[in-house]
Amino acid sequence: QQQVKQSPQSLIVQKGGISIINCAYENTAFDYFPWYQQFPGKGPALLIAIRPDVSEKKEGRFTISFNKSAKQFSLHIMDSQPGDSATYFCAALTGGGNKLTFGTGTQLKVEL
Amino acid sequence: EPEVTQTPSHQVTQMGQEVILRCVPISNHLYFYWYRQILGQKVEFLVSFYNNEISEKSEIFDDQFSVERPDGSNFTLKIRSTKLEDSAMYFCASSGGRYNEQFFGPGTRLTVL
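Note that the protein sequences, when read in sequence, are chains A and B. Just so we're aligned, residue 1 is where the first sequence starts under my numbering, counting upward by one. Just so we're aligned, residue 113 is where the second sequence starts under my numbering, counting upward by one.
Don't read these hints as lab results, they were simulated from the structure. It cannot be assumed that every hint is accurate.
Said to hold, decoys possible - In silico DSS-like links for lysine-lysine, alpha-carbon gap of 30 Å or less: (1) K190(B) / K71(A); (2) K109(A) / K169(B); (3) K42(A) / K15(A); (4) K195(B) / K57(A); (5) K154(B) / K42(A); (6) K190(B) / K15(A).
This one's a predicted model, so the numbers in the text were calculated from it and none came from an experiment.
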């Protein structure tokens, strides 16, 4: 019940295309959902985050869509660029705790 | 821009040896964390630390692990007797509050031979 399921495992997108990564969770106590970007040899860095009281949050080319009833959320990267090539992790946090539960990661490659 | 730093960047040790991984969190942060990432796998929570005590720990964080904030700036993770399966990247993170962003350090790659 503590898991966050993430798909796809890997994704190849053409430059300028839209990258979509999906996550699903079971634990309804999760109430904060961040996305992290990780480049090889580096630590994860927060990209964008959402709370379940909104259905969408947009920051630049990055948008989180959140479906509370379906317990699903997704990351959309518009106008994908080669510099976006990285591993993306969704995560979830419970209000009563302070640990992040990470998804399994999506390796994104944006090709020219 | 303030950042979390970790030393060493790579630690190689023999099975059964003790290792101490060091972290300097962002200076005004109050919550500190250790996570680990086995090569090619997801990031896993180990422990959180607040107000000089462990606030939460995972089942991975057994009696072989301990954390300490020995002074006002450092936060350490000690593994008493390393096992082969402890080989992983260990990330330290800190945040200013529970719902504040957790800032991750660059990690220490631990290799147990």
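Here is what the structure says about each hint:
1. K190(B) / K71(A): violated, 37 Å
2. K109(A) / K169(B): violated, 34 Å
3. K42(A) / K15(A): holds, 24 Å
4. K195(B) / K57(A): With a Cα-Cα distance of about 43 Å, the restraint between K195(B) and K57(A) is violated, given a limit of 30 Å.
5. K154(B) / K42(A): holds, 14 Å
6. K190(B) / K15(A): Distance of about 44 Å is beyond 30 Å: violated.
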